[in-house]
Amino acid sequence: MRKFTKFTAFLAAVLVLGASGIAMATNNVAVQTATYEVTPIHELSVSGSPGALIINSATAGSDLPVVVDATTTYSITTNEACHITGVISPGEEMPAGVTLSVALATPGMGTSAGDVVLTAAVKSLVTGITAVAATETITYKLSSTLTAGARSSDTRTVTLTIVTP
Amino acid sequence: MVSSLTFFIRERAVMKTLVWSVILGLFFSVGAEAIDLSASGGLMRIVNSSNLVACAGSNMVTTFDDAAATTLAIVNTSGSSDQWRIDVRRSDATWNNAIRLYVKRISDGSGSGAVTGGLSYVEITGSESQFFSGAGDRIGLSLSYELTGMSVAVAPNIYSTTVTFTVVDTP
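Chains as they are written, first to last, in our numbering: chain H, 1 to 165; chain L, 166 to 336.
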């Protein structure tokens with residue numbers, strides 16, 4: 001004989017109420033996902049080429065002067081840690097006794113390597129850059145020893161590059 | 166015989182209790198209206214170098230607006246006088262405290278009811294914020310999201326949050 005108590009009846013009623021309540025409450029919420037993907041950004045540009053660097057006079061008894069051009073700038077935007085390197089294109093090494101150097105001002109952070117002699121080997125010019133958007137001065141210097149002698153006009157391609165760790 | 170009759174009488178009383186309990190339970194359940202809310206759409210945006218203000222040397226655009234990214238529908242109200250309110254909050258998976266997310270309503274949708282408020286951006290935070298209100302059924306309510314605070318200081322990553330809309334039946 002099956003026992004059927006008032007407690008069982010009450011329990012059944014509670015289950016019906018609960019099920020109905022649950023059914024009523026499930027559709028009053030809607031969810032969505034908002035996603036923003038920020039990609040690495042490394043943008044670098046220069047304002048142009050420096051003017052011609054010409055050594056054509058000297059003071060008697062002194063070494064040849066160093067010619068300086070600080071008329072150009074570089075612009076950088078990055079959202080990651082990086083540094084800037086410089087290099088002269090392969091096959092365009094400076095002639096013996098003639099030196100071309102470049103110095104980049106820091107973009108409000110990091111460390112400038114100062115005057116760096118440019119060769120066909122990549123060299124760091126500014127290190128310790130993190131997130132920044134700035135425009136800063138590029139300073140080129142041309143120097144020559146007396147023994148290098150007179151040289152005809154020539155050009156070199158200097159490439160600046162953002163490098164991430 | 167007497168014990169069987171006693172059991173039969175007791176069982177009928179219990180059955181009566183059960184039936185009345187279920188009937189009353191269903192009556193009060195039906196009496197409590199359940200407004201339904203649904204959302205369609207979503208938001209996925211890629212922020213890259215094309216979002217710089219200008220070119221190298223410039224920072225990123227700080228604000229991004231994504232209109233009609235989401236549409237809401239409020240249905241199953243008890244009629245055009247059944248008032249409700251939409252609340253909104255977010256729950257972050259990966260986020261950056263420099264950026265803030267906002268939402269606003271950009272359409273009235275359609276339906277027998279009415280809608281009011283929510284036409285200015287409301288910031289979506291981790292707490293419930295009242296968004297807009299209305300009465301009756303409304304569908305096709307277009308929303309627009311706005312993200313502010315973007316800059317190069319926000320590190321590369323995928324920033325994602327779950328936006329939860331809740332319809333609250335109001336008196």
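It is worth saying that the hints were derived from the structure and are not from the lab.
Please note: incorrect hints may appear among the correct ones.
To be verified - So the derived label-pair ranges between C-beta atoms look like this:
1) Thr227(L) to Thr72(H): 23 to 31 angstroms
2) Pro90(H) to Cys220(L): 25 to 33 angstroms
3) Thr155(H) to Gly291(L): 58 to 66 angstroms
4) Ile271(L) to Thr119(H): 57 to 65 angstroms
5) Pro40(H) to Ile271(L): 45 to 53 angstroms
6) Ala148(H) to Ile323(L): 53 to 61 angstroms
7) Pro321(L) to Ser153(H): 26 to 34 angstroms
8) Ala60(H) to Thr227(L): 37 to 45 angstroms
9) Val68(H) to Glu288(L): 51 to 59 angstroms
On a predicted model such as this, the values are computed, not experimentally measured, just so you know.
Note that the Cβ used here is the ideal one computed from N, Cα and C, for glycine as well.
Verification of the hints:
1. Thr227(L) to Thr72(H): 23 to 31 angstroms: Since the Cβ atoms of Thr227(L) and Thr72(H) sit about 29 angstroms apart, the hinted range of 23 to 31 angstroms holds.
2. Pro90(H) to Cys220(L): 25 to 33 angstroms: 28 angstroms, holds
3. Thr155(H) to Gly291(L): 58 to 66 angstroms: 60 angstroms, holds
4. Ile271(L) to Thr119(H): 57 to 65 angstroms: Since Ile271(L) and Thr119(H) have Cβ atoms about 59 angstroms apart, the given range 57 to 65 angstroms holds.
5. Pro40(H) to Ile271(L): 45 to 53 angstroms: 33 angstroms, violated
6. Ala148(H) to Ile323(L): 53 to 61 angstroms: Because 56 angstroms falls inside the window, the suggested range holds.
7. Pro321(L) to Ser153(H): 26 to 34 angstroms: 45 angstroms, violated
8. Ala60(H) to Thr227(L): 37 to 45 angstroms: 60 angstroms, violated
9. Val68(H) to Glu288(L): 51 to 59 angstroms: Holds, at about 53 angstroms.
In this structure, the hints that do not hold are numbers 5, 7 and 8, in rising order.
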